[in-house]
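Peer 1: Sequence:
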Amino acid sequence: MRIGIDVGGTHTDAVLMDGMDIVSSHKALTSSDVRQGIMEALDAVMLDAHVTATAIDAVMIGTTHFTNAVIERKELCPTAIIRACLPTGSGLPPKCDWPEDVAAALGDHSYMIGGGHLFNGKEIAPLDESALDLAIDDIVQKGIKSIAVAAAFSPANADHELAIAKYLSQRIPDANITVSHEIGRLGILERENAALLNAALGKLAHRVVSNMQAALGERKIHCPFYVSQNDGTL
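Note that our numbering has the sequence shown beginning at 371, numbered continuously upward.
A few of these clues could be false.
Said to hold, decoys possible - Lysine-lysine pairs mimicking DSS-like chemistry, simulated, CA-CA at most 30 Å apart:
hint: 1; residue 1: K444; residue 2: K492
hint: 2; residue 1: K444; residue 2: K397
hint: 3; residue 1: K515; residue 2: K573
In short, the hints are calculated from the structure, not lab data.
Required output: the full structure, derived from the provided sequences and hints.
Peer 2: Take a look at the structure:
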């Protein structure tokens, strides 16, 4: 059996399924306490179907917490972006087409340094480690922990992004680092924007997912737990 839970801004919906059959369902107003709301949804569908925690094979949870954070401009962390693209790739700087209030929520912490690759994976220029050091010095001074890393054509060659991320983790061990090649395609602006939002939402995501895991643990549900992605997959 599987349980699916949708934690929306207004309602929390849950269904218990056996194969393709809906065994039980539940709908309630969303609680300000995510963990409590999920536990109540779990209790409702399992009690209605007279099943125990050991019968649950998987739990899938979807939530609009992260979408709402962007829409409402709330709980977005100050976020730095390091882009390896020089001497080319500076014509359109990071966040150049963002709504002003969203850009302001993340702060003005953009750094463009030498590096990046061409579409065939060849270097534009060697990674400028001196400029990287200066950028990280400034990030450390500002106390920023959420950092996005983008490099020109990194999906074709991710070496510079990975090198920057490795150095960042050495200099700022508790940093939340997002490398753009893991979540985007070739276009640098779209990929960089996705990396920036991912990094900015990192702290909120950790809190929300931890609450979800805690809710399952308190109900003794020890099975695979999935969170839906923005494309509807798990």
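Peer 1: Next, verify each hint and record whether it holds.
Peer 2: So, going through the hints one by one against the coordinates:
no. : hint         : result
1   : K444 to K492 : 40 Å, violated
2   : K444 to K397 : 26 Å, holds
3   : K515 to K573 : 10 Å, holds
In terms of the numbered hints stated before, the structure departs from hint 1 and from no other.
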